[in-house]
Amino acid sequence: MEMSQAMMNLVKQHVECDDQLNRVEAALHKADMASAGRNFRLFDEQLEHHFHLEEERLFPAFEKATGMTNGPTMVMRGEHAEIRQLRDQAMAQIDSKEIAAALATIDTLNVLIQQHNVKEENILYPMCGGSIPNLASLLGMGGCGGACSCAGTGESTNAKAVT
Amino acid sequence: MANKILSYELAPSPATIFGCLLPAPWIGAVAGLLLAFGPAEGVPNRFAPLLLAVTHVLALGMLAPIMIGALFQLFPVVAGQAVPGAKKISPFVALASFGVSLSLTFGFLYGNRIAFILAMLMAILIYGAVVCALALAAWRMVLPTHHDASLLTLRWIALPLLMVLGLGVALAGGFAGAWEINLTAVLTRHVAWAGLGWVAALVSGIASTVVPMFWQSPKPSARWHQSVPVVLWLLLMLMTLFDSQDGIPYWTILLALVVMCLAAFAFKNVMKAKRRFDPAWTLWVACVLSWFSSAMLYLMLAVPHDYLPAFFIDASPWWIGVLGLVGGAVFPVNAMLGKIIPFLVFLHLRRQIPTPQRIPTMQEVILPQHLRLQARLVVVAFLGLLMVPVAPSIILPLAGCIFAASQMLIGALILRALFRYRHELKRVIFAKN
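Chains as they are written, first to last, in the numbering used here: chain P, 1 to 163; chain E, 1001 to 1433.
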């Protein structure tokens, strides 16, 4: 079975978050705190949009389809909490203009996100693809239902995806 | 089992991984010192006893425990499958690997037959156990339907290790006089399986995941994921079966061409990495260039080469060895240690300390400026080693010492990371009490 369009869109959202976090790092390296703060807030929006999509649509559907409520989705929710905690730490450091500390936190945040993404892309998404019928429409991605990454990453997109 | 899929619970304990990784750089330092102060007769000829000894100290004493430790960690994290018996095997991996390399050193330097027999027996015991454990984990892991180079590497990595072990045992037995073998044929295959089947396959397969992850290079293409590292193993198998020692080694030549192509693709991706500011990124650039250069040098020697100067022909085997072993293996291993160790410390602290409490970031565990210094040292040592054929008696001790210093530094940084881990745990335990 090939990776479905819905799963590819989820992977694309991972890449978009990575790119956005990279812009934050680039701004921090130039000590451009205004750009770092602005880009970090965009990263935060993209990240939350993606997490909400998973936590409110994908994971419940997987748990319903497989009956595994204490399985991989629980682990992934736990990792989301850890990522959010580091994100908040980085946000606070950017706001207080601690460049070196923010870069160190983002370095770890990046690795934490990457290893999380590897697990999702190699294990969880294929499991979801095999067990959840109509995955694309469930995620609002059938014919670009507003939640896919091509629809942009602004607040309006998030609102569509979450509600 | 189901509720543990993707869980930290599957990841081996810090002791399991640190037990494999901690001593390894210090053995690398021993290899450097041996190179600097060992009996240098015949150097830089690839069959000089000192070079045979140093190669095995580096490949077995240093690289093998790190690579085996990394596999014990990667199986659960990347493939969701723990390696059975990893906890029982890991305490012996570094010790036995050092034992095997030490025995081989005695064997090569003093022509000691018993040392070869001892090395053979220890290698069968420890690497036999590792092969069985990795094969069992590979058998149990579930491959997703899309191709992934890292997962394919994990699936089949027991095979090249078995080939290296089998051919190595055949050679050791031959040196000990236990049986007669076609030395050149077995040696060629042993070197090919060790260098390409084990080291290059593992580095390329695992790097397909970890380089995009840690350095944010573009993810390799679907074609890369379909072909790496299986194409290397297929060609090695064909080379093992069909290449003769007398005629032109067609399969080996094809293998070298494939290595050059893979290195060229890898170079393109590594150069596009977004985190080029990371201290270890340079090591990856040097690594892929080393693989490309060593394969190209091999090709130049494999076809008629009368046009080449005699010095170049004489020095090429040394250069191929340095490029493959230091550039192609030590560089990526050093680069990964600098990332994986702080991440493991972070990961295990996070597992044991509740989320609201702050834990040190990776850059607080190992400082980036220390990693940058280490990367510079090992690159200088590498350049020095490449220049050895120009003036062996002067450059070899110098390059050996710098190499030893670079490995001592990464060893000290890993120790510091471990102390930081213990310190943070103690802080939390005492805070609770």
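Calculated from the structure, these hints are not laboratory results.
Glycine included, each C-beta is placed from N, C-alpha and C at the ideal position.
Treat the hints with caution; some may be incorrect.
Far from chain E, some chain P residues (derived; all Cβ distances over 12 angstroms) [to be verified]:
1) N22
2) A61
3) R84
4) A90
5) K119
Calculated lysine-lysine pairs in the DSBU-like style (CA-CA distance at most 35 angstroms, straight line) [claimed, not checked]:
6) E:K1219 / P:K97
7) P:K30 / E:K1274
8) E:K1426 / E:K1087
9) P:K30 / P:K97
10) E:K1274 / E:K1219
11) P:K12 / P:K30
12) P:K30 / E:K1272
13) E:K1426 / P:K12
14) P:K30 / E:K1219
15) E:K1426 / E:K1219
Going through the hints against the structure:
| no. | hint | verdict |
| --- | --- | --- |
| 1 | N22 | 5 angstroms, violated |
| 2 | A61 | 17 angstroms, holds |
| 3 | R84 | 9 angstroms, violated |
| 4 | A90 | 10 angstroms, violated |
| 5 | K119 | 5 angstroms, violated |
| 6 | E:K1219 / P:K97 | 32 angstroms, holds |
| 7 | P:K30 / E:K1274 | 15 angstroms, holds |
| 8 | E:K1426 / E:K1087 | 24 angstroms, holds |
| 9 | P:K30 / P:K97 | 13 angstroms, holds |
| 10 | E:K1274 / E:K1219 | 12 angstroms, holds |
| 11 | P:K12 / P:K30 | 27 angstroms, holds |
| 12 | P:K30 / E:K1272 | 20 angstroms, holds |
| 13 | E:K1426 / P:K12 | 41 angstroms, violated |
| 14 | P:K30 / E:K1219 | 26 angstroms, holds |
| 15 | E:K1426 / E:K1219 | 39 angstroms, violated |
Hints 1, 3, 4, 5, 13, 15 from the list above are not met by this structure, while the remaining hints are.
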